[in-house]
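Visitor: Here are the chains, one letter per residue:
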Amino acid sequence: MDIFLQQIINGLVQGSIYALVALGYTMVYGIMGLINFAHGEVVMIGTLVTITVAGTLLNSGMPVALAGLAGLMAAVLVCMALGWALERIAYRPLRNAPRLTPLITAIGMSIVLQNLAMMIWGRNYLTFPSLLPKMDFEFAGANFTAIQIIIVLVSAAMMGGLLLLVYHTKLGMAMRATAQNPAVASLMGVNVNRVIAAAFVIGSALGAVAGVMVGGYYEIAHYQMGFMLGLKAFTAAVLGGIGNLAGAMLGGILLGIIEALGAGYIGDLTGGFLGSHYQDIFAFVVLIVVLMFKPSGLFGEKTGDRA
Amino acid sequence: MSANLPKLLLEAKTVAKHFGGVKALQDVSLTIRQGEIYGLIGPNGAGKTTFFNCMTGLYVPDGGGFTFDGTPLIADAPDKAAARGIARTFQNIRLFGNMTALENVMVGRHVRTKAGVLGAMFQNAATKAEEVAIRQKAIDLLHYVRIEERADDLARNLSYGDQRRLEIARALATEPKLLCLDEPAAGMNATETEQLRELIDGIRRDGTTILLIEHDVKLVMGLCDRVAVLDYGALVIEDVPAIVQKDQRVIEAYLGA
Amino acid sequence: MKKVPFFQSLPGIALAATLLLALPFVAALGGQAWVRILDFAILYVFLALGLNIVVGLAGLLDLGYVAFYAVGAYTWALLASPHFGLHWPIWAILPIGAGLACFAGVLLGSPTLKLRGDYLAIVTLGFGEIVRIFLNNLNAPINITNGPQGITLIDPVSFGAFKFSGVTQILGVSVSGPQKYYFLLIALAILVIIVNVRLQNSRIGRAWQAIREDEVAAKAIGINTRNLKLLAFAMGASFGGVAGGIFSAMQGFVSPESFSLIESIMILAMVVLGGMGHIPGVILGAVLLTVLPELLRYSVGPLQMAVFGKMLVDPESLRMLVFGLALVLVMRFKPAGLWPSPERQRELQETGK
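Residue numbers (the working numbering), protein chains in the order written: chain A, 1 to 307; chain B, 1001 to 1257; chain C, 2001 to 2353.
Each hint should be verified, as a subset may be incorrect.
Unchecked claim - Derived pair list, reagent style DSS-like, types lysine-lysine, alpha-carbon separation capped at 25 Å:
1) A/K294 <-> C/K2114
2) B/K1013 <-> B/K1114
3) B/K1114 <-> B/K1007
4) B/K1177 <-> B/K1007
5) B/K1080 <-> C/K2114
6) B/K1218 <-> B/K1246
Think of the hints as simulated: they come from the structure by calculation, not from any bench. Please read all numbers here as calculations on a predicted model, not as lab measurements.
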């Protein structure tokens, strides 16, 4: 039990990040039925933009807090614009196409963004500037840092904010209506195009924040980091029930904890045969198991096929 | 006396089905005799298509069951139902859109043919002969439903009426003992309905028992030997059209008292 | 008089055959690298046709197809290299590789039977990644795959004393390794194409297409969709397995790097961009997506040097960027692919798209 609490904490932190990214996937899928493959890349660009902006400002002497904030703002703005552009240019013309077409387009956009990032920021790993105080705490044998606390708190705040938006504003209601039935929603006066654009933009904003957190937590970034992160976040969304916001949040946290516990104990479980570098497999296994046995996820609704 | 009674082809015994709190079917029992045209009518939401889907294996009944041709029908196995001899069309027409009309009917022969992967790859004599037979039978069926000119058109480009006929041809390709038609006359005008009536009559004459779900009451009463009426998932009456038409409960169910 | 399409007539076939036979020698004029590119183009034709069975015919969106390629490749590598000291002949290894890939296909396919569209894609993607992660890590405690370093010194294809690697004199002509592989691959390709055409126009092929179009209706007419889906996975996988074996032999070296997600996406793109389900289109897609990026790579570098005086953009990332853009643009403007089936072409003409 010595590492149990530690792994739970680590899992909670990583899971909060997954949750924020998962929200982007689940909102888009809930409204459009599309897996936005490029979302992971949007997050990645958020991280890299922050590195560039905050790094440049720091070098020119700006105080850490301001530079950090500016970096964050830049990331959020760039990602929001990117999300908006993705929807408007790549996905909107394909609204009525058969399922395969937007999926391939999404994959294509993901490749485009990855390679654009490589061309702009290069192939090498980049260091994330040190923006937060490095403080360590200890509790019941487990260690945690200021950054970890901040990540969990900020994520919780953002998720709370999103829930407020979706359940207590007109836009939120419009989004919920569109997710249920776009045709009827538009008959009721909802501007479906704007709702969909909003879903992309909000999801991208959350993704940008997640990107900054990932950068701050791991202190490095790379043009390919979006792929695995995106895949795992999507798994989290499916785990919680795709289309369900609370599901995405809980799914993210749950996945983070499963991964952390798995990575911590896998050596013991398999008698040394499998090491912790098999960590990435956990997400895939969770995904496969969920989709096989409970495809609607923890909180999703069963959609039967009525002939 | 029993020598003159037509054989029971399908027996439904206290079939029940609910979706959440909604009781779609409540202990429905009925029988379909070989060689008859049996009508199933009722207001919207009465449970007709649900009954259909339970019988053909798309849904699993929550109570009761079916006996077909003497043996119980396995639930939740639509492909086994087809193999046993039950074929169906769909209320919303479910054709294979990107395949031609001819291919749609040819694939209907699947359950009665057997060439496998090895046969396909090596093209042995038996496979080739079977393929020729499949094609010929499909062409014959297209003639039978009068859409032979559309053989090489993609199914999704056919007119609505032709699509309905194609679906019937595909169902007939499975050589069913019982053909179930789910609202085949929906959206048809008087002429088309009359042509449909002739087709269905012809199918029965050629030896297939028919279960017909319909809203067009005139069509049902004029065509069917016996009619069952469902309302709110329960069987109201099962009898010959003349009696059913005059039944007070039926009139109330349709006109809402 | 009925017009026969040119390439089905005798002079047409003769011309095509002559061109195909001459091609590797023409390509060699630009260097052996171009012959190798031809070889890979044909290899990808195998893979694309294999995936076409799964995606194009049966409509099962498989994003993890590369796993079967990997199984076939590593089977050859393990059975014909110094790694385990085994040197089995081609006629033993290829069937084993195909068989193992087939088995993997059933294994990967089984959990996906109830899944639709997007979910199926993600799960198969996950499987592909799992295979790659295992290949990368199965070097301890027992060294099976040699991890990220891969396996080297793999035996080439040989029929008795005739080896496919190195240069051989045939009828006074010098034929290089890649050129010899070219002829082997063309022969295999013709077989693969014939098998695919036969499958497509058979009872099984029609059943697969029915499942693709409407699984509920397919069940209703008596098709055992479970078995047929598994069959599609198995057949598609076995093509991948054979291709993998030849790949291993040709390269002389395999590593997990060659079997990443982007490979699966590439092969899927060949099927979809070519013209899903339409065999000539899929072949075109495979050839284009193998050859064009190479052409790009060879021209972009010198072009940049000539125009800008330096390398502004890494040719590799430009290549991938163009690939991504191609996916987006083709889906936007030609969603049925570059060469769709005649029925689809007719339909597109009629609706004026």
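Visitor: Within a Cα-Cα threshold of 25 Å, do B/K1177 and B/K1007 meet the stated pairing?
Guide: This hinted pair holds, its Cα atoms lying about 12 Å apart.
Visitor: Decide if the proposed pair is consistent with the structure: B/K1013 and B/K1114, CA atoms, cutoff 25 Å inclusive.
Guide: 34 Å, violated
Visitor: Taking only the CA atoms, is the gap from B/K1218 to B/K1246 under or equal to 25 Å?
Guide: 14 Å, holds
Visitor: Given the hint that A/K294 pairs with C/K2114, does the C-alpha gap stay at or below 25 Å?
Guide: Cα-Cα ~11 Å, so holds.
Visitor: Starting from B/K1114, check that the Cα of B/K1007 is at most 25 Å away, please.
Guide: Between B/K1114 and B/K1007 the Cα gap is close to 30 Å, so the pair fails against 25 Å, i.e. violated.
Visitor: Does C/K2114 sit within 25 Å of B/K1080, going by the straight-line distance between their CA atoms?
Guide: Holds. B/K1080 to C/K2114 sits at ~18 Å (cutoff 25 Å).
Going through the hint list in order, the structure does not satisfy hints 2, 3.
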